[in-house]
Every structure is written in structure tokens, then in C-alpha cells.
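Engineer: Spelled out from the first residue to the last, the chains are:
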Amino acid sequence: MSRKLAVVSLAMLILAGAMGLKTIVTAHGDGSVIMANGAAPAPPTPYRNGAAPAPPTPYRNGAAPAPPTPY
Amino acid sequence: MPGPFALFIWMVGLFCETAVVVCALKKRAFRRYLLLNLYMASAVLSELGRYKILTEYGFASKQYQYFYFYSDAILTIFLYFALCTLYVHVFSEMKAERYVKMGTLLLLAGTALFTYAVVEQSSAKLVTHFVVDLSQNLYFVGLVLTYVLWAAILKLRETRTRLIQLVLSLGVYFSLFAANYAIRNLYPSLSSVFVPLVQVFGLFLPLAWAYAFWRLPEEARLVPARLAVIPR
Numbered sequence: 001m002s003r004k005l006a007v008v009s010l011a012m013l014i015l016a017g018a019m020g021l022k023t024i025v026t027a028h029g030d031g032s033v034i035m036a037n038g039a040a041p042a043p044p045t046p047y048r049n050g051a052a053p054a055p056p057t058p059y060r061n062g063a064a065p066a067p068p069t070p071y
Numbered sequence: 001m002p003g004p005f006a007l008f009i010w011m012v013g014l015f016c017e018t019a020v021v022v023c024a025l026k027k028r029a030f031r032r033y034l035l036l037n038l039y040m041a042s043a044v045l046s047e048l049g050r051y052k053i054l055t056e057y058g059f060a061s062k063q064y065q066y067f068y069f070y071s072d073a074i075l076t077i078f079l080y081f082a083l084c085t086l087y088v089h090v091f092s093e094m095k096a097e098r099y100v101k102m103g104t105l106l107l108l109a110g111t112a113l114f115t116y117a118v119v120e121q122s123s124a125k126l127v128t129h130f131v132v133d134l135s136q137n138l139y140f141v142g143l144v145l146t147y148v149l150w151a152a153i154l155k156l157r158e159t160r161t162r163l164i165q166l167v168l169s170l171g172v173y174f175s176l177f178a179a180n181y182a183i184r185n186l187y188p189s190l191s192s193v194f195v196p197l198v199q200v201f202g203l204f205l206p207l208a209w210a211y212a213f214w215r216l217p218e219e220a221r222l223v224p225a226r227l228a229v230i231p232r
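Chains as they are written, first to last, in this note's numbering: chain E, 1 to 71; chain W, 1 to 232.
Just chain W, with the same shape it has in the complex:
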């Protein structure tokens, strides 16, 4: 069983994820950001399932391991599609929805093919290896996509505050994990500090999104000059 700190962070995370869905419903933003909210709702369900399995079978059990990684892969795919709907929002005026959808499916298929090509070298537990690696590869694709979207937001002088907050928090969220992983592998002696931080970083996205839905109205606009000055 994980320690009290890990359990506390887990419960706070569950609360924050529920708060995102509740805030979106309360502020009538659920349908507008449907996939983002579906991702959070499925994260809540997955956390509940993980908790049930952990209390029933234990932390080191195969059941918890498999449930954790398979549910994580599903959640990552949900997050990937949620990120692509943010592209649709940003490029809505350019009527590029068709191309965004095409690119989304193409990139997902490409990532799956690449993952399969890598894991087929491994003879044991091919499906599980594929599921875990697909999840991790999609995470990196999401990281790059978020920065590309952020560049597009700057270039197009996007002013919708809530949309900017959603994209920016996603970029920070992805970057925190990558930086943490890189640092703890460069300095293994600090892993006792950086490994528990992974769990704390999991709180960032639901907190930022709950704030975006609760405090930032859909009509709120940022002055473009406050984002960056890009000569045209």
C-alpha cells in the first residue's frame, strides 16, 4: 500500500479532476470542450477503479499493474484527442477542421505503427509492451503538438483567455514530466526527491483546467500585445 503522502495526493487529484467536470458543467462549458471534459470524467472513473483494485489486490499486484497501464493508455489517447480539439478551436476561423481531423488520425496511426515496429523486437508480452509504449510515445507527440499549437496561438494572435489558459497549462504539464524524468536520470541520487514529484505534477492539469473553467469566462479576451510582439 502506498504511504499516507501518496494517498493524500491521490485523493486531492481525484477531487481536482471531479472539480474540472463540475466547474465545466456549472459554467456551461461542458459541450464546448467536450473531449477535454470526457478525458477528465474518464480520469475520475479510472482513479476510482485503480483505488478499488489497489485496496483489493495490493500495490504490487499484477491486477493493479495491468489496470493502471491499460487505463493510462486509454486516458492518453483521450488526452491526445482532447488536444486535437483545441487545434479545432484555434483554427476554427480558418475552417481547417477537416484537415485537423485528418492530421490527428494520421499522426495517431503513425505513432501506433512506429510503436509496433519498435516493440515487435520484444518477444515477451507484446501487447502490454505495445500499450505502455504507445502511451509514452503519444505523450511525446502531445508535448510537441502543444508547443506547435502555442506557436500558432502566438502567430494568429489568439485572444481567447480560456483557450490560451487551457493550452498553456497543457504545455506546462507535459514539460514538467519530461523535465522531471530527464533530471532524475541525469542525477539518480536525487530520485528520492524527483520520483514522488511525478505524482504531485499529476495535480497541475486538473487544477489549471478547473481554474480556467471556473474563473475565466468564455468571452474573456487577452490583449495580443501581452502575449508576444511578433513582427508581421
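Chain E on its own, in the form it takes in the complex:
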């Protein structure tokens, strides 16, 4: 029983740590994807395209900072 409880608490601890780390890394983020599987060029996330004009793809960004996400 104690082993099961240890697994549950470890899982929760890892989840809390991971989300804390994400908050730190993405604190000043532009909403673009952090990591993608494979070497294919990443398009902008689909849910960023609402009524507002879509920002340029990450590979065509100039030196200008990316706009914040609308959501």
C-alpha cells in the first residue's frame, strides 16, 4: 500500500515540477511550440488563427519580436 502511495505522490510531484518548469521557460514565450518531434518545419499553431491575421511562420520571422498569443 505504501509503495502505491509513493508512486502516486511521486507522479504528482513530477507533474507539479514539470508544470513549474514550463511556467519558468515559457514565462516570456510567444506561444510558439517549444518542441516538435521530427525535423519537419513547424507551422504556426492552428488555434492562433482566429479573426486576427495569422503571424508569420517561425522560419520567416525577422528580428522583430513575435506578437503575444490572442488567447
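No lab work stands behind these hints: they were computed from the structure. Bear in mind that the values here come from a model prediction, so they are computed numbers and not experimental data. Be a bit skeptical, because a hint or two may be false.
Straight line, CA to CA, 20 Å or less: simulated EDC-like cross-link-like pairs of lysine to aspartate or glutamate [what the hints assert, rightly or not]:
{"#": "1", "chain 1": "W", "residue 1": "LYS26", "chain 2": "W", "residue 2": "GLU218"}
{"#": "2", "chain 1": "E", "residue 1": "LYS4", "chain 2": "W", "residue 2": "GLU97"}
{"#": "3", "chain 1": "W", "residue 1": "LYS27", "chain 2": "W", "residue 2": "GLU218"}
{"#": "4", "chain 1": "E", "residue 1": "LYS4", "chain 2": "W", "residue 2": "GLU93"}
Since the structure of chain E is already known, use the hints to place chain W on it.
Structural biologist: Chain W alone, transformed into the frame defined by chain E:
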């Protein structure tokens, strides 16, 4: 359409991912590291699908966007399970397979619930938002899990060279993306350098794993003292 550099890196990536599966098959390690190889095989299929859709509909098309992010989420879940099988390998002598499986499912469910709780605030495109965010959250869970596994490898004085190489390369792979993302947001003026690097970093894992399967035999052992000296 992406530029020639992006296309070249993409094709090299596809070649490296195929090389991992071929090397594992050739060295008879496919079944031993089944989920790692299934992840790479599905990455190859996903790359081929992405290429077909990109050439058919274009880079900025909705089709490419949706296919890219949905396939990416599936691949991240595969990678998560592959990482958990590395835990099973490391803790095999402790007969902790049952607990690792339980923890794996619990953590996946917890991450999914957390992601849903965050994205339900957003009214538009809930499913797509959920899929992309789940993929990104699982990436961070994978990053933390890899470092925990690396600590366990040091503590347990694991000596299997191939296993150490697989875990260590996964840790470097995750860390490269996190560091790149953090740097390019801290210094937006350097984003023209750091954004294309994301694609190059995608090559690291298949290269490291192909090397691990091709050059390191399953029987190869490291001297524990060469990893770290931990007083007991």
C-alpha cells in the same frame, strides 16, 4: 514552401529516423526496445505524411497545420511511453514493472486533466488547443522524467552502456529545446538564429539512438566510477 536549408535538414532527419529502425533491426535490438523503435517508425511515417500534405496543400495550409500538430501529439505520447519503458529497463532488477506502469498511466492522466483544466478556459478550438497543449505539457513531463531517470541511473550505478546512451541522449534532446526556447524569448533579436536551430535539434535524437544501436552492443558495460562517485 520551406527553404532549401529547411528541406535538407528535414530529409536528413527522415534518413536518421529510418537509420534508427534499420540499425535496431540489424543489431537485433528491435524487440528489446520495442516502444523506442515504434516511436521512430511512427516518426518516419509521420514525416512522410507531412511531406505529402505539404507538397499537396502548402506550408501555410490548414491541412498541414492540423496534420503536423495532431501527428506531433501522437508522437509525443509514443515518446512518453518509450521513456517509461526505459524506466522498466533500469528498474528491472527491482521487479518494479507494475509500479512503473501504474505511475506512467497516472502521470499521463494527470497531465491530460491538468491540460484540460487549463484549455477549457479557451472557448475556441478546444480540441486542437487541448491536443497542442497536451503535447507541450507531456514534453515537460518527459524532460523531468528523464532527469529523474538519470539520477536513478547514477544512484543504482547502472552499467549498461547502451541504456545509458539512450537515456542521456534523450535528456540532452529535451534540454536543447527548452534552452533554445528560453534563450530566444529572452533575446528576441537572436530569434533568426535560434528558430531554425529547432529543426536542427530534431536530428539529435535519431542520430544518438542510431549510434547507440549500431556501435554499442547490448553487453557493453561502463565502469560505474566513470559516471560519478556517489558515497553510499
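Engineer: Hints the structure violates: just list their numbers, smallest first.
Structural biologist: none
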